[in-house]
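Asker: This is what each chain is made of:
Number of protein chains: 4
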Amino acid sequence: MSAPPLRLPPKKMGLVVKTSSPQAIALGQQVLSRVKEKGVEVVVDAQSAPFLHAEPGPSRAALGREVDAVLVLGGDGTFLSVTRGCPATTPVAGVNLGTLGFLTEHPAERVWQLVDDLLAGNVQCEKRDRLLCRVEGDDSPQEFLVLNDVVIAKATLARILTIDVEVEGEFLSRYRADGLILASPTGSTAYNLSAGGPIVHPELSALIITPICSHTLSNRPLVVPLNFQVAVRVHPGDEDVYLTLDGQYGLPLTDRHVVRVLPEGDPLLVVRPPNASFFAILHDKLKWGDWGS
Amino acid sequence: MSAPPLRLPPKKMGLVVKTSSPQAIALGQQVLSRVKEKGVEVVVDAQSAPFLHAEPGPSRAALGREVDAVLVLGGDGTFLSVTRGCPATTPVAGVNLGTLGFLTEHPAERVWQLVDDLLAGNVQCEKRDRLLCRVEGDDSPQEFLVLNDVVIAKATLARILTIDVEVEGEFLSRYRADGLILASPTGSTAYNLSAGGPIVHPELSALIITPICSHTLSNRPLVVPLNFQVAVRVHPGDEDVYLTLDGQYGLPLTDRHVVRVLPEGDPLLVVRPPNASFFAILHDKLKWGDWGS
Amino acid sequence: MSAPPLRLPPKKMGLVVKTSSPQAIALGQQVLSRVKEKGVEVVVDAQSAPFLHAEPGPSRAALGREVDAVLVLGGDGTFLSVTRGCPATTPVAGVNLGTLGFLTEHPAERVWQLVDDLLAGNVQCEKRDRLLCRVEGDDSPQEFLVLNDVVIAKATLARILTIDVEVEGEFLSRYRADGLILASPTGSTAYNLSAGGPIVHPELSALIITPICSHTLSNRPLVVPLNFQVAVRVHPGDEDVYLTLDGQYGLPLTDRHVVRVLPEGDPLLVVRPPNASFFAILHDKLKWGDWGS
Amino acid sequence: MSAPPLRLPPKKMGLVVKTSSPQAIALGQQVLSRVKEKGVEVVVDAQSAPFLHAEPGPSRAALGREVDAVLVLGGDGTFLSVTRGCPATTPVAGVNLGTLGFLTEHPAERVWQLVDDLLAGNVQCEKRDRLLCRVEGDDSPQEFLVLNDVVIAKATLARILTIDVEVEGEFLSRYRADGLILASPTGSTAYNLSAGGPIVHPELSALIITPICSHTLSNRPLVVPLNFQVAVRVHPGDEDVYLTLDGQYGLPLTDRHVVRVLPEGDPLLVVRPPNASFFAILHDKLKWGDWGS
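For the protein sequence lines, the chains are A, B, C and D, in the order given.
Residues 117 to 409 (this note's numbering) are what the first sequence spells out, left to right.
Residues 117 to 409 (this note's numbering) are what the second sequence spells out, left to right.
Residues 117 to 409 (this note's numbering) are what the third sequence spells out, left to right.
Residues 117 to 409 (this note's numbering) are what the fourth sequence spells out, left to right.
Simulated from the structure, these hints should not be mistaken for lab results.
Computed from a prediction, not measured in an experiment: that's the story for all the values here.
Don't take each hint at face value.
Computed spacing ranges between beta-carbons, pair by pair [claimed, not checked]:
hint: 1; chain 1: A; residue 1: E225; chain 2: C; residue 2: G253; range: 20 to 30 Å
hint: 2; chain 1: B; residue 1: D356; chain 2: D; residue 2: P223; range: 38 to 48 Å
hint: 3; chain 1: B; residue 1: D356; chain 2: A; residue 2: H351; range: 49 to 59 Å
hint: 4; chain 1: B; residue 1: L248; chain 2: D; residue 2: K401; range: 46 to 56 Å
hint: 5; chain 1: D; residue 1: L367; chain 2: A; residue 2: K401; range: 19 to 29 Å
hint: 6; chain 1: A; residue 1: E225; chain 2: B; residue 2: L248; range: 47 to 57 Å
hint: 7; chain 1: D; residue 1: D356; chain 2: B; residue 2: A142; range: 21 to 31 Å
Dumping the calculated EDC-like pairs for lysine to aspartate or glutamate here, alpha-carbon to alpha-carbon at most 16 Å [stated by the list, open to error]:
hint: 8; chain 1: D; residue 1: K403; chain 2: B; residue 2: D280
hint: 9; chain 1: B; residue 1: K403; chain 2: D; residue 2: E225
hint: 10; chain 1: A; residue 1: K403; chain 2: D; residue 2: D400
Using N, Cα and C, we set each Cβ at its ideal position, and we do this for glycine too.
Just chain A, with the same shape it has in the complex (with noise of 0.2 Å):
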């Protein structure tokens, strides 16, 4: 696949920031003042807009089509929130304002840097796998675009569920577990971890495919390429079915619904701190060690 075409240096960028961060807001406004000085034009979010004093833009999941760039300030929770609805041609750069994030790898101080080599279009973009999901059974299917997980879980005081997965049209197995999570190698460090799959690294094309609590002990996690095709139905008796997409987009699911993961996913390009290394995340977020320790 030939790298799509970028538009940078940037005309028109994008900008997020975690609402609920008053450091974010703070950051942002700054950021809103630098880049519009620069003569850059500045679309902020619908969501975002208000704390930024700023003219209220699409929603987050819009934004990525109508700039040639965003920014994020926030958590990897505000970065999902923009990537699902972003095309390839937009790179999307993140800036961690807690801990180090999986998605959002600048750290707060290297902020104007980034800005000024985003404005300078000298940046490092990187690859990332998504999941086309689609969902079949009501009047029109409906398709999502996802950067780190489909998850298909029960409510809490619902009764254990029966999940169906085909892969490639053949039956893979039938799981009895609280639910099952199809992860991008992106999505592995997310909830897959959690619930116990393994790390993938986001260069290999891969598929996992992870029960949550299964019932049967033998049902491991199963990592398959990107490429094939995934089906998923849950059971007739199965209530309290929800089908959450990147941990920010839930819709209930019945029976009659067929879920699958399709290999047409566009990727999404992210921004990546010069000499980043997914490794070096690795350590810090889960404390894996180094050389000198």
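Got chain A sorted already, so can you dock chains B, C and D onto it with the hints?
Answerer: Leaving out everything else, chains B, C and D in the frame of chain A:
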């Protein structure tokens, strides 16, 4: 602790059926006739009564206090609906109509033998520890007798929980997880096992503390003496948190609540098949193999 | 990579039997006659030859280089003894005489069909990635082609190991563990699975890095692209450390050695049954259930 | 069980140092002088004696029987070398010179306070259950007192083991695994934890049975009352099997042996720091976080 005084042979026998199972209903009708023929009074719980064309008795949770013994025809879920309010002086016998259960250990083909033995007062009972769960924070504290487990868990779309646990008045850990299970040994083979907790023999007076999908990878299941007091609190920011007792009864939880597990729980008397064996059920349910394989 | 030129139908066929299995020997004698009758030369490895009253050929590891195809009658262990030195141009077919194997997928009752198909050159082959393992530190480096796994482990009484791993020249982690498994997708269902690693579909070109009984609880299995270079070193203090290749071949390891896994491993061609399915074997071997249960 | 009669303040004190640690040796020399000055006899084990320029006493395993209390300067391994033969009437105090240990709980900076408290007989002791391990099958059975764990494991290159376990005379399971750990609660945080077993509070009288890299995925750790008898046998075909006691002492095992864990094990008395807490060590060693983080 001295054994509680049993009232066997029973003058009043409780009868409960799984109302979604035609087989359980049919068998229940036969059992009802047989026991009456023998001159013993039968009390059918309010939920089962219409299906057995019987006078509606008290609720399942209240049944054990009004009879001398209870016979349950159904699965482990039906069994648990009775044990919640059942005093230690009322033995409960469970007949499983599908696959063998950890609680409903009597196979359907033994039902007539079991009925005769029960009416003759000729049964082997085993004491099972229960947890006394007290929920403080509302106007008056609520108490529950729990056979399997106390589960604190978040709703599907909610953020990861922060759960603080104290044991014997001392801080144990701040769990960041989907939830937390406090299980008895009897409950160790239920939800606890799916969440990665150990199997604990029911003769050991212990409490198992197992996180559900822990974010902190080093948070392993912990087993403490059953007479240790445990206090659990969720964090102010957490929303849509539920407390579930034996998978049967749920109530919403907030940061103003304290969930305590106290050692004063009355045990439950379970009527077991002759030659019943905890290990034999493990083999069968978990496919642990046998000498011959 | 273009497919290697096969020499099917074979002019010379290798034959290997599990010499501890009378059934494998009896069947081997019959196969030997049948193939000779058809006018095709049979080369029997040196270890199997006395049992088949045949002329002793080369060692199992060398056999693949001298014939056009190899037929293995035995289990996965026998199969692995052949694949270690087998070039990508020599397909290997495994007939399992006991329970179905992950590698020896042909059931015994299909053996005559398989022999006929092989001699007709009418078989379906699947490419399986192998790891090229290079051990540096002695006078001259040693290289091994590995189908399942490279295992670094300590002797029983030895202290816990300290193992440093670099991936693509970058430090990954210092493992404190009983050992470390570097597995191919084909090997993911072998030792890796017992150690808690994920199942990886053989069509994904990946390498799995799984610690054995890690002391550091946060050290989870990691999956990286197969073309990543990995270097492993044990710590100066460690004693009684062994490197084991495919569970077949072992050599002592010290802190002066570097164990590298390199991407240049030649794949292996495996002859598969018609309609063979990786998922069907998972069901069968791991009791993953099926649609009907 | 009534508390054993202690002989505190001690007339004879045992002293053991980790001989590979210059810091332990230097501190040991100072402690030796100090205790002698106070008019109390010091017995130094044969292995430590040359390093302390002292008269060589008995072996570490025998030391506890000849003195009134033992002081260990080193790590958990040094501590375990003393406890193997130590009677319940001789308390042991462990000073850790590196990172805090689960057994050597006294920090180095408290050593003088500890020595003074010991000599004044003013210490808090905690009873820790030990396992009585009996190995039958040779001419005369051997018995061992074990503080942490009894481990049955295979040599590196050997095939997977088949291990049959009986509990209270009843068949529990046939394990197919690299090995099996039988751990006390004190040992639950050692090898058992690395193998996936639960943490068990030392006040619970329990035995933990945890397979090492189980081939059968459904074989989960099991916790039984400590007064249950356990018998373990390896399979005839298994070669290169070793029994290891507290990671210190090993002996070869064959299918003619029976390894029994019996409930009659004498406990060990451990001298603990004031305000010592099992949970605090968990936080520190396993990074379980604290209220403030």
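Asker: Kindly indicate which numbered hints from before are broken by the structure, ordering the numbers from low to high.
Answerer: 1, 3, 4, 5, 7 and 9
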